[in-house]
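2 protein chains.
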Amino acid sequence: MSLIWFDGGLQAGPIALSAHDRGLTLGDGVFETILVCDKKAIWREDHVARLQAAASALGLSVPLADINAAISALSEQGDGYHVLRLTLTRGVAARGLAVPGLSPSLVATLDPFDPELMFQPVTLVTSFVRRNEFSPSSRMKTLSYVDNILAAREAARSGSDDALMLNSRGHVCCTTIANVFVLRNGQLKTPPLKDGVLPGLARQKLISAFKVSEISLLPADLLQADAVFTTNSLRLIRSVTALDGQALSQADLSVQKAALRAVM
Amino acid sequence: MSLIWFDGGLQAGPIALSAHDRGLTLGDGVFETILVCDKKAIWREDHVARLQAAASALGLSVPLADINAAISALSEQGDGYHVLRLTLTRGVAARGLAVPGLSPSLVATLDPFDPELMFQPVTLVTSFVRRNEFSPSSRMKTLSYVDNILAAREAARSGSDDALMLNSRGHVCCTTIANVFVLRNGQLKTPPLKDGVLPGLARQKLISAFKVSEISLLPADLLQADAVFTTNSLRLIRSVTALDGQALSQADLSVQKAALRAVM
Chain A
1 MSLIWFDGGL
11 QAGPIALSAH
21 DRGLTLGDGV
31 FETILVCDKK
41 AIWREDHVAR
51 LQAAASALGL
61 SVPLADINAA
71 ISALSEQGDG
81 YHVLRLTLTR
91 GVAARGLAVP
101 GLSPSLVATL
111 DPFDPELMFQ
121 PVTLVTSFVR
131 RNEFSPSSRM
141 KTLSYVDNIL
151 AAREAARSGS
161 DDALMLNSRG
171 HVCCTTIANV
181 FVLRNGQLKT
191 PPLKDGVLPG
201 LARQKLISAF
211 KVSEISLLPA
221 DLLQADAVFT
231 TNSLRLIRSV
241 TALDGQALSQ
251 ADLSVQKAAL
261 RAVM
Chain B
1001 MSLIWFDGGL
1011 QAGPIALSAH
1021 DRGLTLGDGV
1031 FETILVCDKK
1041 AIWREDHVAR
1051 LQAAASALGL
1061 SVPLADINAA
1071 ISALSEQGDG
1081 YHVLRLTLTR
1091 GVAARGLAVP
1101 GLSPSLVATL
1111 DPFDPELMFQ
1121 PVTLVTSFVR
1131 RNEFSPSSRM
1141 KTLSYVDNIL
1151 AAREAARSGS
1161 DDALMLNSRG
1171 HVCCTTIANV
1181 FVLRNGQLKT
1191 PPLKDGVLPG
1201 LARQKLISAF
1211 KVSEISLLPA
1221 DLLQADAVFT
1231 TNSLRLIRSV
1241 TALDGQALSQ
1251 ADLSVQKAAL
1261 RAVM
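Protein chains in written order, with this note's numbering: chain A, 1 to 264; chain B, 1001 to 1264.
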């Protein structure tokens, strides 16, 4: 069962959305997906802060009271594991790409989440779709997600679980849904945001907990690592077992997994 | 007044959309904007063919009968000048980026269009947001339009009418809403699609009517041209009068304008 927050209250079923809402017509908005564990919205403040930062960069106004009311009302219904999604759009406008301040639309949903998906190993294929480090949107969770969708479809076609995305210079960025870390000789490395990397919250938690070098990586760095893993807010840490069909080295990641669990 | 086609029929007011429709949540879909002139949908077959091509590239199924019914029903209401927009999304899905075949959602709208906007001169500013020629989405009208929005906002802030977008190598692509042509020594040039260029219909009409070189262009090529103009399906041909505050040469474009008018 899915629970919906729209127009300031809980509801079931479809929402009454304007056909001119720019979330629908232009992917003009931002989103967050929050893990809810026994009614607790994990990393709630971090998610709201990231949403605010991305909204500000796009020039969207942020209805903070409505956002907090949505998170509270939905997570209150979240026994066991759920995923709470916040979708904030610029709102309804007449035609034109650059329009002055609008009243934003907030849609939030609560859906069951299978905890088996956490810590699950993952196989990657390198996508032919590159990330665009020349746009600030590569560092935001905007609603314009079609490049990630194209890459995810490519992964599915190739029989891999997810796609590794490079930027225009061939540097490693992230997967369609997660950040990438390599472990080599006891040292953790992850690509810097400027390479076109989403500022993941689990990524940030690991950077706070360990000494991590934020440094540009090439696909060869993954093949030569002692371990490669991905991080995100829902599936947490996943060992990468293969890249483009080539098996990767599997060092123990229990310390990293425990550190992430400890801050949830 | 705005007319809406949704769920197979005409309606007014908001649409009853699922909060999980992937057009809203992920910009997962494609669109077209069609000029309607005295009930005639201009370049109707070309717009539908381009929508179909982009939808196929994304793996969306295309409800052709519904699309044609929407165009017919809406353009029938279009005395004078209107813009008909088709928005086709992948439909409703549970979580996950790569999902198997869904039933797509079609939303179409008809809104008045001010014919004064046609052939209006335009000033451009070079955007710091680049187009991503490494993604097929740079050659499609997908709902994931946030990079164009960022560039259009930048243009508005700088007091320009539109933004010139380059690709990751610094080659000229197009503006946020239009293709770019240069005229020099009687010869027309426009960037090739592979540079990350939207396959505009007015662009294609000019290529059919004249000898046009599809060749990569640098910003300097615009500064040295006898004339620079933009094309799209609604505003048709617009003389570019300035780039980054520098006035551009203004050769006569009446032949090109007449040729486009002749095929409408």
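Because the hints were derived from the structure by calculation, they are not lab data.
Any given hint might turn out to be false.
DSS-like mimics (lysine-lysine), calculated; alpha carbons at most 27 Å apart, straight line [stated by the list, open to error]:
| hint | chain 1 | residue 1 | chain 2 | residue 2 |
| --- | --- | --- | --- | --- |
| 1 | A | K257 | A | K205 |
| 2 | B | K1189 | B | K1040 |
| 3 | B | K1194 | A | K194 |
| 4 | A | K211 | A | K189 |
| 5 | B | K1211 | B | K1257 |
| 6 | B | K1039 | A | K141 |
| Of the hints given before, which are not true for this structure? | 2, 6
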